[in-house]
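S.K.: Residue strings, one per chain:
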Amino acid sequence: MLETVTLIVLVVLAVSLLIAFGRLASGPTLPDRIVAMDLIAVLVVGLIVVSAGATQERVFLDAAIVVALLGFIGTIAYARYVEREHD
Amino acid sequence: MSETITALLLLAGSAFGLLAAVGLARMPDVFTRMQASTKASTLGLGCLLAGTALQLGDPASIVRAASIGAFVMLTLPVASHVIARAAYLRDVPLWEGTVIDQRREAERMKNEE
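Residue numbers (my numbering), protein chains in the order written: chain A, 1 to 87; chain B, 88 to 200.
One should not assume that every hint holds.
Looking from chain A toward chain B, a few residues come up when the C-beta cut is under 7 Å (computed) [unchecked claim]:
no. : residue
1   : E3
2   : S16
3   : G46
4   : T55
5   : V59
6   : A64
7   : V67
8   : I73
9   : G74
10  : E83
Simulated coverage check for chain B against chain A, where a stretch passes if three residues somewhere in it have a Cβ under 8 Å from a Cβ of chain A [claimed, not checked]:
no. : stretch
11  : 97-105
12  : 117-127
13  : 152-162
14  : 184-197
Derived SDA-like pairs (lysine to any residue); straight-line CA-CA distance at most 25 Å [what the hints assert, rightly or not]:
no. : chain 1 : residue 1 : chain 2 : residue 2
15  : B       : K126      : B       : R113
16  : B       : K126      : A       : L10
17  : B       : K126      : A       : D62
18  : B       : K197      : A       : E83
19  : B       : K126      : A       : Q56
20  : B       : K126      : A       : F21
21  : B       : K126      : A       : L70
22  : B       : K126      : B       : A137
23  : B       : K126      : A       : Y81
In case anyone wonders, no lab produced these hints; they're calculated from the structure.
By construction, the Cβ of each residue, glycine as well, lies at the ideal position given by its N, Cα and C atoms.
Please work from the sequences and hints to get the whole structure.
M.R.: In structure tokens, the structure reads:
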């Protein structure tokens, strides 16, 4: 049963990623794209965590920590850039 | 029993992730999109982490999952606040149905003095 559930969960997360990519492509403003990037980072962390459970591969959780860190730093950097450009 | 709880947590987590993406696609301006996507995705990721920690079951995985959850819950509000501030300072247009804009009101009151 858990295998089927994991498959469904992975497909649903992939569809959410596609929708978020649509917003990343369509904009219309730069902050919209940054919000989309932020959501994509969180969804990728979710995908990695679910696949860690599915494959019993505990190393994936360390990868998820790194992706969460990079997503946060990237978002902060982009937001600072947008604010600086305004001045 | 624990397998059922794991399955339910994973399904709930992915449903909240989908909800966050749909909110990001459907909402009218940056600020509403942000509040739809950040809150739902935090809850969704929390559910996914709890489900995976229950599924793996050993202490090392549980601690790692808990630390990812704590980190995301600490940083996502900070990140969304910084984006919202940058977007507002850059004069990104608000939705026409917006009711309260306290910063603009404060500036107007300061100019009248």
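S.K.: Each hint should be assessed against the structure and marked as holding or not.
M.R.: Here is how each hint holds up against the structure:
no. : hint            : result
1   : E3              : 10 Å, violated
2   : S16             : 4 Å, holds
3   : G46             : 5 Å, holds
4   : T55             : 11 Å, violated
5   : V59             : 10 Å, violated
6   : A64             : 6 Å, holds
7   : V67             : 9 Å, violated
8   : I73             : 9 Å, violated
9   : G74             : 9 Å, violated
10  : E83             : 4 Å, holds
11  : 97-105          : holds (count 7)
12  : 117-127         : holds (count 5)
13  : 152-162         : holds (count 6)
14  : 184-197         : violated (count 0)
15  : B:K126 - B:R113 : 15 Å, holds
16  : B:K126 - A:L10  : 20 Å, holds
17  : B:K126 - A:D62  : 24 Å, holds
18  : B:K197 - A:E83  : 23 Å, holds
19  : B:K126 - A:Q56  : 29 Å, violated
20  : B:K126 - A:F21  : 19 Å, holds
21  : B:K126 - A:L70  : 19 Å, holds
22  : B:K126 - B:A137 : 17 Å, holds
23  : B:K126 - A:Y81  : 24 Å, holds
Figure legend: structure checked against the earlier numbered hints; hints not met, in rising order: 1, 4, 5, 7, 8, 9, 14 and 19.
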